[in-house]
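2 protein chains.
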Amino acid sequence: MTNKKAVVLLSGGLDSATVLAIVSSAGFDICALSFDYGQRHSIELEKARMLAKKNKSVIEHRIIKLDLRAIGGSALTADIDVPKDKYAEVRGSTDIPVTYVPARNTIFLSFALGVAEVIGALDIFIGANVVDYSNYPDCRPEYLEAFERMARLATAAGIKGHNIKIHAPLLALSKDSIIKKGLELGIDYSETISCYSPATSGASCGKCDACAIRKAAFEKLNLEDPIAYD
Amino acid sequence: MTNKKAVVLLSGGLDSATVLAIVSSAGFDICALSFDYGQRHSIELEKARMLAKKNKSVIEHRIIKLDLRAIGGSALTADIDVPKDKYAEVRGSTDIPVTYVPARNTIFLSFALGVAEVIGALDIFIGANVVDYSNYPDCRPEYLEAFERMARLATAAGIKGHNIKIHAPLLALSKDSIIKKGLELGIDYSETISCYSPATSGASCGKCDACAIRKAAFEKLNLEDPIAYD
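Each protein sequence line maps, in turn, to chains A and B. Counting from 1 along the first sequence, just add 1 to a position and that's the residue number in my numbering. Counting from 1 along the second sequence, just add 1 to a position and that's the residue number in my numbering.
Please note that a few of the clues may not be correct.
Intra- or inter-copy, both count: the list cannot distinguish identical chains.
[Claimed, not checked] Using 30 Å as the maximum straight-line C-alpha spacing, the simulated DSS-like pairs for lysine-lysine come out as follows: (1) LYS208 to LYS5; (2) LYS55 to LYS161; (3) LYS5 to LYS221; (4) LYS208 to LYS6; (5) LYS5 to LYS66; (6) LYS221 to LYS66; (7) LYS216 to LYS5; (8) LYS161 to LYS208; (9) LYS57 to LYS182; (10) LYS66 to LYS181.
By construction, these hints were calculated from the structure, which means they are not laboratory data.
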């Protein structure tokens, strides 16, 4: 008997690396999906390639080119500055940060849906997370449930009664719990990156929200973050 | 006072050309959105460009590059033959045709959602249609409603209580009713194409499902289809 297939969204960040390890340990055959979307921090893609290559459950890794810059409106894809040293100020705010990329998760999940339909997978995994600061509307459980409902109506699989599931196993975990879980599963976090605005050397800035959250989590665990900071 | 903005999905086909005219006549300022997705019938894009250029309500036309071939699984994007002279046989069938592109409408609407969010539009228009043969799961009203619900949860606009709407004004119209409506609005249908598999000259094959439906509709209206057939 062959394993069940899953599609895993793999950015190369800490969260999606952990999701990959979780799905792998659950015994799925994995189609990892990454996007070359004109992101400022394209070093992510190199990390994604390494993570996919090293994981024996990954039977294929698709990198899909798409142009989110044609949408614009985000510090991650347009000429808007990534905020530095602002995490302490914005934590607890209900504002949506400028690093929010409009409809990004919806677009990524839509591609995952298409791939799932073609390869015959019913399980799609995403590293969405609501804990710590983010306020991204498309990381909330109610959003993911609505996407799943839509996905069932959108597909041939759904019409045949095969229900596609959107899994977000990190949804309710704090960043330090995610890291702890990942370490138990043997992840080498030196192979991930979280920074929104890394140097050309690949070193993380240590100052953007993503770096601040990551650093605080490693500190909370009394562990050293194995990646290089500027 | 400025007009309300709308995002209109514009393929260059007969349906989306009609939607464009409807939205234009309703007084919206339009951001037309087309996709260069590795379609076999890329002459569509030329038609879309012309339609957008000629319509005075179109304030911008974005053509987004994306690689649906990386998904595959469809006669429109992969090396699967487009069926010819089969429309009479499949009409009334509940099978999903091989020209169905997995998750295509979901992907297109997701991009429209991102653009709407960035330009401040709350109205998205798509030429989806359930009449005549198609059986595409992502053209059904229940799918479009589920997408709309998801879209409201996905966006900053939705969080602020601004409800994004997905409009499919052709949903319940037969192809001949669509053409009649379009002619009333002054559309020149020679500027559209429907064929799934046009010749390099741009002429339509006359034999695929899309051609068969189009030809039958013009015949029903006792009108000559102004486009060239092979």
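Quick one: LYS57 to LYS182, C-alpha cut-off 30 Å, is that within a copy, between copies, both, or neither? within (19 Å within a copy, 56 Å between copies)
For LYS66 and LYS181, with the copy left unspecified, which applies at a CA distance of at most 30 Å: within, between, both, or neither? The answer is neither: 32 Å in one copy and 39 Å across copies each exceed 30 Å.
If the cut is 30 Å between Cα atoms, do LYS208 and LYS6 qualify within a copy, between copies, both or neither? Close neither inside one copy (38 Å) nor across copies (37 Å); limit 30 Å.
Check LYS5 against LYS66 for me: Cα-Cα at most 30 Å, and say if that holds within a copy, between copies, both or neither. within (27 Å within a copy, 32 Å between copies)
Identical-chain pair category, LYS221 with LYS66, by Cα at 30 Å: Result: close neither inside a copy nor across copies, 37 Å intra and 43 Å inter.
Treating 30 Å as the Cα threshold, decide for LYS161 and LYS208: within, between, both or neither. between (49 Å within a copy, 29 Å between copies)
Since the copies are identical, ignore which copy is meant and state whether LYS216 and LYS5 lie within 30 Å (CA to CA) inside a copy, between copies, both or neither. neither (36 Å within a copy, 45 Å between copies)
If the cutoff is 30 Å on CA atoms, where do LYS208 and LYS5 land: within, between, both or neither? Let me know, please. Neither. Shortest intra-copy (41 Å) and inter-copy (39 Å) distances fail the 30 Å Cα cut-off.
Measure nothing new, just compare the shortest in-copy and cross-copy C-alpha distances for LYS5 and LYS221 to 30 Å and report within, between, both or neither. Intra 36 Å, inter 49 Å, cutoff 30 Å: neither.
Status of LYS161 relative to LYS55 across identical chains (alpha carbons, at most 30 Å): neither (35 Å within a copy, 43 Å between copies)
Comparing the model with each numbered hint stated earlier shows that hints 1, 2, 3, 4, 6, 7, 10 do not hold.
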